Amino acid sequence: MIVALNVGLVALILGLAVWAIVAREPFAAVVGFIAYGLLLTLVWVQLHGIDVALTEAAIGGGLTGALLIGAATRLRGTEAEARAERPGPATRWLAAAVSVAVTLALAACVLVLPVPAPTLAPEVAAHMAATEVGNPITSVLLAFRAMDTLLEAIVLLFALIGVWSLTPDRFWGGRPGLRQGYDANGILAYAARLLPPIGIVAGIYIFWVGADRPGGKFQGATILAAMWLLVMMAGLADAPPIRRTWLRALLVAGPLAFIAVGLVGAVRAGAFLAYPPGLAKPLILAIEFALMPTLTLILGLMLVGTPQRGDTP
Amino acid sequence: MNVPTLFGLCAAALVGIGLYGLIVDPHPLRKILAFNVVGSGVFVLFGAIARRGAAAGMGGDPVPQALLITGIVVAFSATALAVALLKRLSDEAGSVTLSSDAPARAKSDAGHD
Amino acid sequence: MTEFFLGASAFILAMVGLGLVRILRGPGDADRMMAAQLLGTGGIAAVLLLGTATGEGATLDVALTLALLAAFASYAFVKAEDGP
Amino acid sequence: MSLAVDLFSVIAVAAGAFFFLAGTAGLLRFPDAFTRLHALTKADNLGLGLVVLGLLPQVGGVVAGLKLVCIWLLVQLSGATASQLIARGLRRRGAPP
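Protein chains in written order, with the numbering used here: chain A, 5 to 317; chain B, 142 to 254; chain C, 274 to 357; chain D, 4 to 100.
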């Protein structure tokens, strides 16, 4: 039964990937891609990566879909022009040959992977007690490979600055996105009043259990960002102007707290981002708490996009 | 065939499919989609390898799984930046062509910004 | 019982997978969104069945996340179609 | 007792799976967008509802059971609002109701 399930899953995923490439209209391709993201969540469940499945469900199922649908609707009618630039058959055949070659090489690598598989799981299990965190993924993210996570938070911040840097000069410092209409009795306003309270509780819950069970700040922050976006989409709240000092302070607070904890480690435990014995868990929790609002704001604002109006509402 | 091998082969195919679209399709939004297909192929390959490393009572090797979470979030931020660039290009040039010798329509009103 | 849940999960997945033909055929964008919506619900059912079959309690949280964001693409679609 | 509970689960999940079959058939076979939307909501409400009902005695624990019900209610809410919005959008663009 499990074989039939997996083979069916693989068939659906490959079919949707092909559809996302060959569909005539961008919108049809984007809807295919959203379905594809949903099915990837099932792949992660089947590969026993529940933490990854949570991330994919929140990002692939929610934010990416909204982002791409907005873009596809905005760019409707540009497909004909692009079609005229389609490369000739020679390039297409060459591209097909290259793609097949890459696929075959990767498939060969998959088939000759070493047995027994190399793994760091026993190492993690042996040292997890020192971090006092129950979820191995969290202890990797915030203790053994904390540097990656710090750099990731900074990359996210840079990506947001990149999005903002596309602002036309006259709107610099203004509010991102377009002003959304507000209809007090509309269905969207109804959903935006009912869903966020539940979503905020769920987001904080998933953040909170992350220390000991699958979950964590990325997944929780994504859910919170999605709820914020829903409120903005319904016109119940407006995006803050990007010149606001509190906004900018919150955006750098997470990475700065992370760096501060790293420096404490450099002084007290002998290496940047090393935790003094006995203080690992409180420090990890402090980083997670500081990163949570930063990540929520960055993920939400990245989706709203470039400022397109002044800072008057 | 066991589960990690099946999904590993699926991942190899995804990388190939995405790569073909990335090269052949001239529309920038389609290139972003294709790039995400390549990316997810790499992620699934990573996940399959992590699953092979199941040991010590864990369902998979936690180190690649943690890197996957980082990767998915960074891939999203790259997509958001690419979409923002694309929207700006469309506002500015009135078209979304990436070709260098395309007619520069509506160039004149680009100077106001 | 485990086998039955896995079978039901595969069946539901196959059904909503079949529904994806609507994404291919359209004709309207709304029809395509409906197929994605159906796949979302079916995906939640499949995750729940899989999680119960394998006894992995945390899959419930995955389904919860999917359920929270299930209509997000549809909201974005309607909003983008009708303008701000 | 356990046999009766298992039987209940099997029947409820099978009935839920049937509604997904019906939803897909409707989505593929019905002639226009509004009737298709109608078919879709049946799968949303009844299909997932019956699956959740069947799984309730199997998850073990009140918290997990509450989460299941919560998931179903959330899908109800989002399904209902999304179909309403899609239907209104269709009507505004002049599709006959």
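Be aware that a few hints might be false.
[As the list claims (entries may be wrong)] Chain A is faced by these chain C residues, among others (derived, beta-carbon under 10 Å):
hint : residue
1    : Leu293
2    : Val335
3    : Thr338
4    : Leu339
5    : Lys352
Please keep in mind that the hints were generated in silico from the structure rather than gathered at the bench. Quantities reported herein were computed from a predicted structural model and do not represent experimental measurements. Note that the Cβ used here is the ideal one computed from N, Cα and C, for glycine as well.
Hint check results:
Nearest Cβ of chain A to the Cβ of Leu293 (chain C): about 6 Å, under the 10 Å cut. The hint holds. Annotation: interface hint on Val335 (chain C) holds; nearest CB of chain A at approximately 5 Å, less than 10 Å. The beta carbon of Thr338 (chain C) is positioned within 10 Å of a beta carbon in chain A (closest approach about 4 Å), and the interface hint is therefore held. Because the beta carbon of Leu339 (chain C) sits about 5 Å from the nearest beta carbon in chain A, less than 10 Å, this interface hint is met.
For Lys352 (chain C), the interface hint holds, the least distance from its beta-carbon to any beta-carbon of chain A being 5 Å, beneath 10 Å.
Going through the hint list in order, the structure satisfies each hint without exception.
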